[in-house]
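Number of protein chains: 2
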Amino acid sequence: MLKLYDLAGAENDRRFSPYCWRIKMALAHKGLEVETIPWRFTDKDVIAFSKQGRVPVLVDGDQWVNDSWAIADYLEATYPETPSLFGGPSGRALSRFHANWVDAVMSPFLFKMVVVDIFRHVDPKDRDYFRKSREERFGKPLEDVVVDRDKDVVAFREALAPLRLTLRAQPFLGGERPLYADYVVLGGFQWCRCISDFKLLEPNDPIYAWRQRMLELFGGLAGKAKGYPV
Amino acid sequence: MLKLYDLAGAENDRRFSPYCWRIKMALAHKGLEVETIPWRFTDKDVIAFSKQGRVPVLVDGDQWVNDSWAIADYLEATYPETPSLFGGPSGRALSRFHANWVDAVMSPFLFKMVVVDIFRHVDPKDRDYFRKSREERFGKPLEDVVVDRDKDVVAFREALAPLRLTLRAQPFLGGERPLYADYVVLGGFQWCRCISDFKLLEPNDPIYAWRQRMLELFGGLAGKAKGYPV
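Listed in order, the protein sequences are those of chains A and B. Sequential numbering from 9 applies to the first sequence in my numbering. Sequential numbering from 9 applies to the second sequence in my numbering.
The following block holds chain A by itself, in its conformation from the complex (with noise of 0.2 Å):
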């Protein structure tokens, strides 16, 4: 069976990466199982055979792979006879911009409003290590970080303009079905909704209702997976 490391929380239970959950949902899109091991910041030396010390770090045999989009693309050629992850070559190319958006708009705003709450969701083993590399990160303690959040959530809302026309049009990023794009979408989401209860989104938002229908994909698997409500 497949295995994949993924970060956890204090509890065992409490599944917080963005990148790990992009390819949990890619994982269940595929049908493939795989068993999860739950992981720490500081637990370099469990994947020091990755050559590398972050997760999501997928062990399928005896081969292994790093990096969530180099995982997706391993399980599109590995496992051809499963539903695709991108519809085809140009739809993985198309696939990139959204998952440099993620990174490079929505990511930023996301861990400006939440970093106080993953802190505080860490294992106590990596309490020192997390607010250390992100102190140095923003120049500035976690909890000055977060305290503009409310007036932050207003821009970050305004700058999920693309993303909320494309779901007025469509169901999903994908089209009338999810696919890697959503998923990359969905796990910043999810990385909020894991550790923390502010409120990202408004009821009647075009991207409330999507998030809603990708929480409850694959029984549920990102909506009852521990967390806050949303």
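For the record, the hints were derived by calculation from the structure and aren't laboratory data.
A pair holds if it fits inside one copy or across any two, identical chains being indistinguishable in the list.
Here are the simulated lysine-lysine pairs, DSSO-like style, with alpha carbons at most 30 Å apart:
(1) 234 - 120
(2) 159 - 120
(3) 120 - 207
(4) 159 - 148
(5) 207 - 159
(6) 148 - 52
(7) 207 - 148
(8) 38 - 232
(9) 234 - 11
(10) 234 - 140
(11) 140 - 207
(12) 52 - 38
(13) 140 - 159
Add chain B to chain A, keeping to what the hints say.
Positioned in the frame of chain A, the structure of chain B alone reads:
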């Protein structure tokens, strides 16, 4: 032969509509010949048959289609033997996000930076219409809209991060070859190139190199059109 009503400026061969450029590139992608008919903002009667007042309007025998996305769909359905603009139904669905990103993020920036340059190039008979309608939209004189463009262009370049990251990974948004998503983004840059010498990109930006490749496609269709050096 196909006919396309195409926005022109004071000179018949200054064709600056970003939406028309999407379609001219799409037609060339499909190897379809087209006769473009210069049209001005106030020529509402000329396209009254299309029951609306904006270009592009494509006429194919006794049929007509307006709205660039609908025209792309029409071409894809009507000429299935020609190269696809989307690479399949998934690619079509995924491309909506690119189009909405251009409309919601890229175009408002561009408009704010070059609206006075547009005004300078519109046909004399369009000038009053253009100034009045655009000043109503902005709530101030056109000359005041562009006053901060040296600052705006810095924010614009930052907002292009998802595009830049994607074009670092692959030559076109469509992958190894351009697709409709590329033509949508090019439309924005070409709109400005046709009416303004304002420098939107730094030469060392991967987006700059991509734009060069786009301008050279189809024998320099976009690059040789009347406009300014980039």
